[in-house]
Amino acid sequence: MMLPPSASPGLASALNKRGVALLAVLALVLVALPWFASSYVLSLAIVILYFAYTGQAWNVMMGFCGQLSLGHSLYVGVGGYAAAALFVHFGIGPWLGVWAAMGACMAFGAVIGALAFRFGIGGVYFALLTIAFAEFTRIGFDHWEWLGASGGFFLPVAQREFNDPFNLRGSGRMFYYLLLALDVLAFAFCTWLLRTRIGYYWQAIREDPEAAQALGVNTFRYKMLAVLISSAMTSLAGVFFAFYYNNLFPEQIFNMGRSIEIILGPIIGGLGTLFGPILGAAMLTVLADGITEALRMVGLEIPGVKQVFYGLCLLAVVIYLPQGIWPALAKRLGIGPRDGHRQ
Amino acid sequence: MSEAALLSIRSVSRRFRGLSAVDNVSFDVPPGHIVALIGPNGAGKTTLFNLVSGALTPDSGDIVFAGRSIAGFRPDQVCAAGIGRTFQLVKPFAGLSVLDNVLVGALHHTTRVASARQKALAILERLSLADRCHVPAAALTLPDRKRLEVARALATEPKLLLLDEVMAGLRPTETDQMVEVFRRLNREQGLTILLIEHVMRAVMALSREIHVLNHGELIASGAPEDVVRNPHVLECYLGEESAV
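Line order of the protein sequences matches chains A and B.
Residue numbering for the first sequence is 844 to 1186, as defined by my numbering.
Residue numbering for the second sequence is 28 to 271, as defined by my numbering.
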C-alpha cells in the first residue's frame, strides 16, 4: 500500500477548514479594529502585535532551530538606533533606514553565530554569549554621545493629525496597520520557511544535531542562517519601536528584561509553532494589563505585579502544558490537523 | 584483487588519552560486498565507524573512499561523499514524524520537499514502516527506531552503508526480515554494506567477509566460515558456544 503524499505534519501544520474559517474571522476583526476601538484598546493591540512579531522572529532561532537566544533586545536596539540615527542625523527615511538596520543586526548576529558555532559553544553557553553581546552593546550605547548616550536619543515628535507613511510619522492607526502587515508577512514567511528544506534541516538540528550532520546537513551553515534571519526580522521591530515611541534609551531598549519579554510569548504559546508566538503575546499582554488595571481600580498599585504574573504564567505552562498553549488549544478547538489525516 | 576497494582503511589509529581505541587497523571493503566487523565490547568497532563517518578524526593513517581520502572530513561531507550511517544508540528526531525523519535524509539530493517526501515514503515502505509514517518518532518501539535509523541513512542514497548494531534487540523473525532487506538492497542496487553486529545469525547470513577487532587491533580477517573457526577469535570473542 502506497500512502498518498501529504503536507508536513507536526510543526509545519496547516489548519483544517474550520481553522481557516476562524482565521478569516480573526483577520476581519483585526483589520476593522482601529475603526471601533478606543485609543486604549488600540495601543494595547499594538503592544500585542509587537510582541507577536518579535516572538515570531525569536522563534525562528529557538523554536525552529533550537538555538536559545536570551539577548534578542540587542537586535531591537541596534535596529532601532540604526534607523533612527540615519533619520535624525542624515534625513534618511525609515524605508531606507530599515535596510541599514537589518544589515547592522545581521552583522551582530553573524559575529555571535560564527563565534559560537565555530567553537562548538551550544546550549546554555550560547545563551550566555547572546546576553553578553546585548549587555556590552548596551554599555557601548550608554557612552555613545552621537546617539545621545545614556540621556536618550529622540526623534522629532510628529503631528498626529497628518499621516506621513514615508517617514513613519503619524497616528496610532497607521502604526497599527503597519505592524499588522509586518505580523502577517512574518507569519507567511515562517510558514513558508518551515515547508522548505531549510525548515526541515532546522528542525533536524533542533532535535539532534549529530544525526542531522550524519544526514548531510551542514549544521554550521544552517544555524548561521537561523541567526541571520532571526536577527534581520527582529531589527524591523526595532525600527518600528524607534518611530512609534520616538525615543530610545540604551538602559531600556537593550535591557535583559526586554529580551525575556520577547521570549515569553512563544514559550507560553508554543515553541516552534506558528500560532504560538501570536497567541502567547495576546494572552500575556491582555492578562497582564487586565490584572494591573483591575488592581488599580481597587486602589492598589503594586510595582512588579506584571513580572510576578509572567512568572506564574510561565510556571503554569511549564508544569501543565510543556508544549505550550497553542497545540493543546488547537486540539481542543478541533482546528489543528489530526494525526494521520493531514492536508 | 583486480577490483579497487570502495572503502580502504589504511593503518588507521586513534587513541583516547593514551588508550589505543583503534590501533593500526587496515582493511578494504570492495564495492558490492557486505562486510562485517565483529569483536567484543570495547574492541573499537564504533570508534572505527566514527572515524570513517567523520565524527572523529584519525590520529594517523588514511581512509580512502571511492578513490579519495576522506580522513578529517566533517560528517556532512562524508555523507555527501556517499557514506550513510546509523547510530548504535539510536538518534531519532523525536519531535518529528517518522516520515519527516526520513524526509530530512531524502532532502540531501533535492531541495524539492514533495519529491523528497515521495522517496521517503518508498523507503519506509521497503522497511515496513509506512503504516507508522505519521507517528512521532518518539512513539516508536526500539526495533522500529532501529529501522528508522536505516531508513534515514538510506534516504541519503549512500554508496556505502555503515550499520552499527541494527539487529540488536530484534526478535529472530525480525532479524531475518532485516537481513532480507539488506540482501535485496545489496543485490538490486549494488549497495555496499559494512556492519558492526553481535547477532551472529545476521552476520553469517549476510557477510562475505568478516574482520575481527580486539583491543583496537585487527586479529582476524576472512571468509565467515574460516573466521568462526579461528581459535584466536573463538578464545577472545565467540567463545565455546559457537565452536559447535
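Hint data in this document are derived by calculation from the structure and do not stem from the laboratory.
Since we're looking at a predicted model, the values are computed, not measured.
Some hints here could point you the wrong way.
To be verified - Residues from chain A that face chain B, not an exhaustive set, calculated with beta carbons under 7 Å:
no.	residue
1	887
2	1007
3	1043
4	1052
5	1054
6	1057
7	1058
8	1064
Claimed, not checked - Calculated Cβ distances over 12 Å to all of chain A for the following chain B residues:
no.	residue
9	31
10	37
11	50
12	60
13	88
14	113
15	185
16	195
17	208
18	249
19	250
20	261
Claimed, not checked - Pairwise CB distance ranges, derived in the manner of DEER restraints:
no.	chain 1	residue 1	chain 2	residue 2	range
21	B	225	A	964	36 to 42 Å
22	B	153	A	1063	56 to 62 Å
23	B	153	A	964	37 to 43 Å
24	A	1034	B	59	53 to 59 Å
25	B	225	A	971	39 to 45 Å
26	A	954	B	228	54 to 60 Å
27	A	953	B	96	28 to 34 Å
28	A	975	B	99	30 to 36 Å
29	B	168	A	975	53 to 59 Å
Ideal Cβ positions, reconstructed from N, Cα and C, are used throughout, including at glycine.
* Report the numbers of all earlier hints that the structure fails to satisfy, in ascending order. => Failing hints, ascending: 1, 2, 4, 8, 14, 15, 22, 24, 29.
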